[in-house]
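Given chain A, put chain B in place with the hints provided.
Protein chains in written order, with this note's numbering: chain A, 1 to 46; chain B, 47 to 154.
Don't take every hint at face value.
Stated by the list, open to error - Mimicking PhoX-like on lysine-lysine, the simulated pairs with C-alpha atoms at most 20 Å apart in a straight line are:
1. Lys32/A x Lys125/B
2. Lys125/B x Lys150/B
3. Lys74/B x Lys88/B
4. Lys32/A x Lys127/B
5. Lys127/B x Lys98/B
6. Lys124/B x Lys29/A
7. Lys88/B x Lys32/A
8. Lys78/B x Lys88/B
Stated by the list, open to error - Just so you have them, the derived chain B footprint on chain A, three or more residues with Cβ under 8 Å:
9. 2–9
10. 12–26
11. 29–43
It is worth saying that the hints were derived from the structure and are not from the lab.
No residue lacks a Cβ here, since even glycine has one placed at the ideal position from N, Cα and C.
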Amino acid sequence: MALIEAGATAPDFTLDSHLDTTVSLSDFKGSKNVLFVSYPLDFTPT
Amino acid sequence: MEIPGLNSLLEEFDAIDTQVLGMSVDSKFSHKGWAAGFSGIKFPLLSDFHPKGEVAKAYGLWLEEAGISDRATVLIDKKGKVLWSESVTPSGARQPMELLAKAKSLVG
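Bound-form chain A, shown alone (with noise of 0.2 Å):
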């Protein structure tokens, strides 16, 4: 398994998000650029 790279497209995705919404990437498409950040697990350090 390999992080995705610089000049792949990015894949779609439709999460459910703690503030009560559902995020879909293309919500954002033409409009904002997206700084999507992953992380392992809530109540861990850093």
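Positioned in the frame of chain A, the structure of chain B alone reads:
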């Protein structure tokens, strides 16, 4: 503290047309409880919860043995292309100010 650190920089990300999205395999209820501990997180914390890790797998940041997603960052432009990506490993650390500087240097 990267998540609250990013939260404190949201206006600066907004100034460069950049939406911050967090993601882990935790449920949204876990995210709610965790965010409340930081007096709220204003950007969406997404739940890659069911099917677990599906989005992480699509981005190549799923850690199968641990059953968690990596600590990794992917910057995506307005056309949906990846501009930059980096893993710091689960035990690594990211500096929110450095992520902001990286985004400033790369977004059009």
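Do the hints match the structure? See the list:
Proposed proximity of Lys32/A and Lys125/B is supported: the alpha carbons are some 9 Å apart, at most 20 Å. With a C-alpha separation of about 17 Å, the suggested pair Lys125/B and Lys150/B falls inside the 20 Å cut-off, and the hint holds. Between Lys74/B and Lys88/B the CA atoms are separated by roughly 14 Å; this keeps the pair inside 20 Å, and the hint holds. Distance hint between Lys32/A and Lys127/B is fulfilled; the C-alpha atoms sit about 12 Å from each other, no more than 20 Å.
For the hint pairing Lys127/B with Lys98/B, the CA-to-CA distance comes to about 24 Å; that exceeds 20 Å, so the pair is violated. Taking the CA atoms of Lys124/B and Lys29/A, the gap is near 5 Å; set against the 20 Å cutoff, the hint holds. A threshold of 20 Å between alpha carbons decides the hint, and for Lys88/B with Lys32/A the separation of about 17 Å falls inside it, so the pair holds. At most 20 Å may separate the alpha-carbon atoms for a hinted pair to count; Lys78/B and Lys88/B meet this at roughly 11 Å.
Figure legend: the stretch 2–9 of chain A, annotated as covered by chain B; annotation consistent (8 residues with Cβ-Cβ distances under 8 Å, at least 3 required). Chain B is given as covering the stretch 12–26 of chain A, and this holds because 12 residues of the stretch bring a CB closer than 8 Å to a CB of that chain, at least three being needed. Check result for the stretch 29–43 of chain A against chain B: holds, 15 residues qualifying (beta carbon to beta carbon below 8 Å, three or more required).
In this structure, only the earlier hint numbered 5 is contradicted, and the remaining ones agree with it.
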